[in-house]
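Chains as they are written, first to last, in my numbering: chain A, 1 to 414; chain B, 1 to 414.
Mixed in with the good hints there might be a few duds.
Identical copies go unnamed one by one, so any copy, or any two together, can satisfy a pair.
In silico BS3-like links for lysine-lysine, alpha-carbon gap of 27 angstroms or less [as the list claims (entries may be wrong)]:
| id | residue 1 | residue 2 |
| --- | --- | --- |
| 1 | Lys280 | Lys338 |
| 2 | Lys149 | Lys284 |
| 3 | Lys161 | Lys149 |
| 4 | Lys284 | Lys19 |
| 5 | Lys90 | Lys9 |
| 6 | Lys226 | Lys141 |
The hints are simulated quantities; they were obtained by calculation from the structure and are not laboratory data. This one's a predicted model, so the numbers in the text were calculated from it and none came from an experiment.
2 protein chains.
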Amino acid sequence: MREINRYDKSREYYERASKVIPSGVYGHQGPAEGCFVPVEAFPFFSEKAQGSYFWDVDGNRFIDYMCAYGPNILGYNDPDVDAAAAEQRKKGDCITAPSTKMIEFAELMVDTVASADWAFFAKNGNDVTTLSIMAARAYTKRKKIVFFKGYYHGVSPWTQKLDYPGIIEEDVCNNIYIPWNDSDALGEVFDKYKGEIAAVISQPYMHGNFKDNVLPAGGFWQRVRKLCDDNDTVLIIDDVRAGFRLDIAGSDHYFGFEADMICFCKALANGYNVSALCGKDFLKNTISGMTFTGSYWLSAVPFAAGIACVTKMREMDIAKVLDEKGKKLRDGLVGAAKSHGFDLRVTGAPSLFYLRIADDPTLSLHQRWVAECVKRGVYFTNHHNHFINAALSDEDIAETVQVANEAFEVVKKN
Amino acid sequence: MREINRYDKSREYYERASKVIPSGVYGHQGPAEGCFVPVEAFPFFSEKAQGSYFWDVDGNRFIDYMCAYGPNILGYNDPDVDAAAAEQRKKGDCITAPSTKMIEFAELMVDTVASADWAFFAKNGNDVTTLSIMAARAYTKRKKIVFFKGYYHGVSPWTQKLDYPGIIEEDVCNNIYIPWNDSDALGEVFDKYKGEIAAVISQPYMHGNFKDNVLPAGGFWQRVRKLCDDNDTVLIIDDVRAGFRLDIAGSDHYFGFEADMICFCKALANGYNVSALCGKDFLKNTISGMTFTGSYWLSAVPFAAGIACVTKMREMDIAKVLDEKGKKLRDGLVGAAKSHGFDLRVTGAPSLFYLRIADDPTLSLHQRWVAECVKRGVYFTNHHNHFINAALSDEDIAETVQVANEAFEVVKKN
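Kindly generate the complete structure, drawing on both the sequences and the hints.
Okay, here's the thing in structure tokens:
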């Protein structure tokens, strides 16, 4: 059996962090959140990363299936992206006037993303989802927004739930929530709120947390597209999480339709700090009329990195590469589960797979299995989709399946 | 007389940009905004930057008084900050688990900022102003927010005006606007909305656009602090723009009071992409209870850069250095104006000076003077405060005053 990780230094650092940082570590990584990661089995702090691995402060190496929650798509410290960024850094980064790298990057996005007539760059996925909602309201002069239950579109008040700390009724009173894949329900709310719906915002498929991920039903997107057209409503696709892992031309393209606006972040520049809103010509003037900016939004280094990343992803046919790796991993994991009598459900796109051991409504069996994997150097998470990167090798996949086997064995014994 | 800049390449690039980017260039730099920069006189795209200068794509060099709208505080490409960032980049940047650089940076902020018991890092100033408002509402279970007219706290819906594109009544119906420096007005709204006001949010002094900047009246902040205390209301200081240029310990400290939460961005890491919310112990649990994050928020390179930047700022007594340079420049500019019969008003802190030629309510005289400066390689802006950086030399200041003289001469002739 493989050696079990120890996390002594991580625990010490966490104590130190807790003194000066609310909850010590925030976001998905925080034990405060307590659900996405198997708390007692996971490292709190990283020391370094390379390719498909990261090392924690205790020296443990992990085959990393979270990829920094998406940004790592080519492999950590990709030499081509890093070289382009370093070259730009010599000249400058955050300067009073923008670099022409911004133009090159916008041209590349328009050339790459099927539904894009223009590109606007920001820093967070949340920046561009928020801009898309404001633009839809400005364009339609309407208030209401339709969401599919299970969505995640960032952390701004307009996209939170009423029971979230600090959210008030006014933040969300124009939100309409309908079930995923239910185009009849969408038709009904269009009838009920005739002429009032500014936008429908959605991920390309339902890759929510705590539930098996669900691809769009046949014809779903085509019907949604038609309903939006018929009701002069803006269709916004939030491709922040899935972007480039399904289709370099956009996940809307993958599912055979065109969004009016599409939001990118995460994998856009292999970890360099940039997001993008792309959209159709009819919305360009609306965006032009909005002063929407931030301190670092014109920085040139992330643009240079983004150009290198998108170019490389195009050249290597990234979605195909990740799909193949994802399928290989899926087959290995499902086989390992089966050989121990477990039914492991692998849902969503193979490049963004979601894992759940079936026949356990408490999810505790699944959590224990994930914990045993993490303790043996395979970084899975409990109830969030995973991410494949291009540096993941066949050897990494074989090692992962071996670890999964050991973990199933441990779980079976207990 | 000095040579007048030509901007042929900038204009060509702008044409190209307009095809794929809404308004071509967005933010303050965009000609669409059309007011902060003297459009016909200014360059659209930069080629490189170093110290106190940037060069545009036509090869023109500018003594840069905008400093990327604040981030450049030590000088572009500061060797110490860049070395710390490069060192961290070799290990990794945006990784699944955060680096311990996050802890070190939080400890440094708590040690540096007088009112800080904890630090939380994000990417935009807007991220942390938004978090502060949500936290204040969560803590107080109240809705209303008091703003001082002329404020700027980012681009989120809650801080925009109702006439801004895409803003709906619900976004701003809990906002109360009162005049700057008017603590009586604040007392009145506290009486009127007893037990309803969650927070007062303010810049440390009124450094708004289109108007002479205004420092706090004597005793103003002390009275505001007391009113907030008496009404159990959270006092939030937005130090995104002024931060570190008045006082390394926070602009609240400079004016002799303590904020409950204070927002930093811009100068925090000399252009590397990070922002921070610092606050008092009584709010730590509230922040801990909120899942508020983004794709790149745990990235280690900006933390390493921020540690180097704050450390260097402390060592060199940055606020004093910038204040001295700002005063030298102010005296030179006012003298140059006077010698041509103009009354140049220099308001706000010397390190963040705002310029206006008096006796011209149309502001057109001022705009023409700024344009003549920019065309001669001194990058001023029309109706926004400027920023001093530590690389600005006495020779730069002397050259600036000489250019200002020439520009006054041209304006006087016309």
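Verification of the supplied hints:
Within a single copy, Lys280 and Lys338 get their C-alpha atoms no closer than 47 angstroms, and across copies no closer than 53 angstroms, so neither meets the 27 angstroms cut-off. Taking CA atoms no more than 27 angstroms apart as the test, Lys149 paired with Lys284 passes in neither setting, with 29 angstroms inside one copy and 31 angstroms between copies. Within a single copy, Lys161 and Lys149 get their C-alpha atoms as close as 11 angstroms, which meets the 27 angstroms cut-off; across copies the closest is 30 angstroms, which misses it. Taking the closest pair of Cα atoms, Lys284 and Lys19 come within 27 angstroms of each other only across two copies (10 angstroms); inside a single copy the shortest separation is 47 angstroms, beyond that limit.
In this assembly of identical chains, the alpha carbons of Lys90 and Lys9 lie at most 27 angstroms apart only when taken from different copies (22 angstroms versus 36 angstroms within one copy). For a Cα distance limit of 27 angstroms, the shortest separation of Lys226 from Lys141 inside one copy, 20 angstroms, qualifies, whereas the shortest one across copies, 42 angstroms, does not.
Hints 1, 2 from the earlier list are contradicted by this structure; the remaining hints agree with it.
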